[in-house]
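From first to last, the protein sequence lines stand for chains A and B. With my numbering applied, the first sequence closes on residue 331, and no number is skipped along the way. With my numbering applied, the second sequence closes on residue 728, and no number is skipped along the way.
No wet-lab data here; the hints were simulated from the structure. Quick reminder that beta carbons are idealized off the backbone N, C-alpha and C, glycines included. Heads up, some of the hints might be wrong.
Straight-line C-alpha distance at most 20 angstroms; calculated EDC-like pairs for lysine to aspartate or glutamate [as the list claims (entries may be wrong)]:
hint	chain 1	residue 1	chain 2	residue 2
1	B	716	A	106
2	A	111	B	618
3	A	245	A	296
4	B	724	A	81
5	A	111	B	341
6	B	727	A	81
7	B	369	B	341
8	A	159	B	490
9	B	302	A	156
Just a sample of chain A residues kept apart from chain B, beta carbon distances all over 12 angstroms, derived [said to hold, decoys possible]:
hint	residue
10	142
11	143
12	146
13	206
14	258
15	269
16	296
17	305
18	313
19	318
20	328
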Amino acid sequence: MNNILVANEVSKQFGSHIALNKVSLEIPENSIYGLLGPNGAGKTTLIRIINQIIYPDQGTIFFDGKPLQAQHISMIGYLPEERGLYKSMKVGEQALYLAQLKGLSKSDAKIRLKYWFDRLEIGDWWNKKIQELSKGMAQKIQFIVTVLHEPKLLIFDEPFSGFDPINANLIKDEILQLRDKGTTIIFSTHRMESVEELCEYIALVHKSEKILDGKLSDIKKAYKNNIYKVGLGVQSSNGLLEDLKDKFQILSSEYVDEGLQLNFTVQLPSDDTGPFLSHLSGKANVNKFMETIPSANDIFIRTVQSK
Amino acid sequence: MGKLSLIIKREYLAKVRNKSFVVMTFLSPILMVGMVVLIVYLTKINDNEVRTIGILNESNYFSTDFQGTESTSFVKFKDIDLQAAKDTIQKMGFYGLLYIPNEQDLEQVASRSFFYSKDAPGSSLLDNLENVFEDRLRMQRLQELGVSVSDFESVGNNFEIKTATFTGEQNLKGITEIKAFIGGAFGYLIMMFIIIYGGFVMRSVIEEKTTRIIEVIISSVKPFQLMLGKIIGTSLAGVTQFAIWIISAFLMFGVLILVFDIDPSAINSGANNAPGLIGGAAYVAASDSAMQLYANELFRIPWIMLICFFVIYFVLGYLIYSSIYAAIGAAVDNETDTQQFIFPIILPLMLAIYVGFFSVFNNPHGPIAVGFSLFPLTSPIVMLMRLPGGIGEGGVPIWEVVVSILLLIITFIGIVWLAAKIYRVGILMYGKKPSYKDLLKWLKY
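Based on the provided sequences and hints, a complete structural model is requested.
Encoded structure:
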């Protein structure tokens, strides 16, 4: 697959503080890529380097195979975490200005703005002043301005902050549709449930270094540790649990349904479930057998804490 | 270039549409003219008060010398003693009493005379009274010396040395000051412009920081473009405002002159209207021909050159200072944090104005004047004060102008480069009030 953006050992230092230390990334085209990490890990620095707001001390960024250049600015859309609008300007005027700064002609920008304003049902805001809008309303304008010039690469830094759940869903759907149209999306967030929902790839940045990256499903596979949730139908507690505890590593267990159901979690030595299941056969009815996959949240916490 | 002009346009419109800016633009000339009218009016009221002064003259002198003026009238007392005169004055509500005793000769009379009044009298009133005595004494002494009054007048006492440059150009005494004053007006204009509109640039940067729009913008344009666009846009708004001020001030003064029927020449002649009794006519006559010379000299000031240099020094000086203002705006989070950084900017400006008025007026080509007109942070103001004297022979040496402009350009490039660096880092820094040390560190980022 084609990589829209490649970072090659990018380093950046502010005074004595190392903000990024030889970070390399490959962001496949037409994917949603989660850029994760605790506060101050260096995510924003990396994003600013991609947006050519600051420049790396070492390393190179390639956009679509070519070293990053000024002309690429119009192919990137960036919604910063710290975002705002001119308070005293009117909504339409301001959106036009920002769109033109991205290289759109005035007439083009007007047509597209009309489309997006109607789409997000804010058509009648055109002549309002920003200071009359609520925070969520302003966020919608910012979202529109970010995607208006139809960039190949979109970078969203905490896009859902400030949105109520309904509007957050609306924006999420828009992001997915943009992906379906071929846009690549870099998604920087702390909200792990949205990572789980949206991201195909992730990279984890911690203390200025990339400590983990790849396809989310692959990472989950690598991080699963053969833990299964099992439910057995039993007649009576005829020493089955003790037998199992002898032979396997039982992490927790409980009887429910007046002793007729035994629920437990077990960690198997490998991902071969054959020996365990054949041990059970004949002894009890297997009602439930489910592998527990680590959540992105688990992976995040485990990786960061182990460092 | 397209993006830069977009930014300039937005900054210009944002400034020009701003309500307080509009109010200031149209209110200031009204306020200014209103102030002038008020001052003229108040002065008139002040002058309109007529003070009545009693004169108790027991001597043989001064019987006809005290003539009433617009602001004072005299009442003569006869055949009463001093105490009675004082009582009468107070009863009648008069302002004061001039007592001239009877003595043997004029000198004695003058030295024993006394002026009593309700409160400490103003100096103009005393001057008027003293003038009468002085004139009388002078005439008496001249008579004693055997010199006639007309002889004394013909001797005259106003001598001016005629001056010229080596090429033979005639100089007029005082014209240096007038020229420096014209240059000073230009310099002062630059200083005011820098302080007002530099502050606007700074507040505009702070606004972008506090509204958090800055990162959205600089993901589209280079920080330097934004800074430059902001400076240019704001200064165009400033030029617009200045133009409106100047035009409307002229219009309003025109209207005032028509409405109140003030004769402009009357104001002029009133100014040099304080000659004594003797030699007054001669003085006026002399000043008339001098006025002619001064007027000629003013026409000879190379106005076109002066305006060209004004534009050069104005643009360079303003760009230097406003980029420093932009850097300060970028470094801080709110306006209250700017004080510590603003003072060092204002300092050279004030220094330039004061050095200009004290040093350049006295000696436009002295070492201090030369030094400050070369130093780039003060040269836009000080050099403009020197330039009305011309360039080359008799004026500012050409090399000084060249060096001063070159230094200014080098400084301009250096300062803008430094300011852009601080700006670039500062606009993305939130929360911490930076120290000078931090700013130095930012230069290395």
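We went through each hint and held it up to the structure:
Among the hinted pairs, residue 716 (chain B) with residue 106 (chain A) is consistent with the structure: their alpha-carbon atoms are about 18 angstroms apart, no more than 20 angstroms. Taken as a hint, the residue 111 (chain A) and residue 618 (chain B) pair is honoured in the structure, with Cα atoms around 17 angstroms apart against an allowance of 20 angstroms. Among the hinted pairs, residue 245 (chain A) with residue 296 (chain A) is consistent with the structure: their alpha-carbon atoms are about 14 angstroms apart, no more than 20 angstroms. For the hint pairing residue 724 (chain B) with residue 81 (chain A), the CA-to-CA distance comes to about 16 angstroms; that is within 20 angstroms, so the pair holds.
Restraint check for residue 111 (chain A) and residue 341 (chain B): not satisfied, since their Cα atoms lie roughly 82 angstroms apart, outside the 20 angstroms limit. For the suggested pair residue 727 (chain B) and residue 81 (chain A), the alpha carbons sit about 12 angstroms apart, so the restraint of at most 20 angstroms is met. Distance check on the hinted pair: residue 369 (chain B) and residue 341 (chain B) sit about 15 angstroms apart at the alpha-carbon level, within 20 angstroms; holds. For the suggested pair residue 159 (chain A) and residue 490 (chain B), the alpha carbons sit about 17 angstroms apart, so the restraint of at most 20 angstroms is met.
Restraint check for residue 302 (chain B) and residue 156 (chain A): the C-alpha separation of about 17 angstroms stays at or below 20 angstroms, so the hint holds. Residue-level check passed: residue 142 (chain A) sits 23 angstroms from the nearest beta carbon of chain B, beyond 12 angstroms. The beta carbon of residue 143 (chain A) sits about 21 angstroms from the closest Cβ of chain B, which is more than 12 angstroms, so the claim that it is off the interface holds. The claim that residue 146 (chain A) lies off the interface holds: its Cβ sits roughly 18 angstroms from the closest Cβ of chain B, which is beyond the 12 angstroms cut-off.
At roughly 21 angstroms from the closest C-beta of chain B, the C-beta of residue 206 (chain A) stays outside 12 angstroms, upholding its exclusion from the interface. Taking the minimum C-beta to C-beta distance to chain B, about 61 angstroms, the non-interface status of residue 258 (chain A) holds against the 12 angstroms cut. With a least beta-carbon separation of about 55 angstroms from chain B, residue 269 (chain A) lies farther than 12 angstroms from that chain, consistent with its non-interface assignment. With a least CB separation of 51 angstroms from chain B, residue 296 (chain A) remains clear of the 12 angstroms interface cut-off, as annotated.
Chain B leaves residue 305 (chain A) outside its interface by the beta-carbon criterion, the shortest separation being 61 angstroms against a cut-off of 12 angstroms. Non-interface status of residue 313 (chain A) relative to chain B is upheld: no Cβ of that chain comes within 12 angstroms, the nearest being about 50 angstroms off. Even its closest Cβ contact with chain B, about 34 angstroms, leaves residue 318 (chain A) beyond 12 angstroms, as expected for a residue assigned away from the interface. Annotated as non-interface, residue 328 (chain A) keeps its C-beta farther than 12 angstroms from every C-beta of chain B; the closest such distance is 24 angstroms.
In this structure, only the earlier hint numbered 5 is contradicted, and the remaining ones agree with it.
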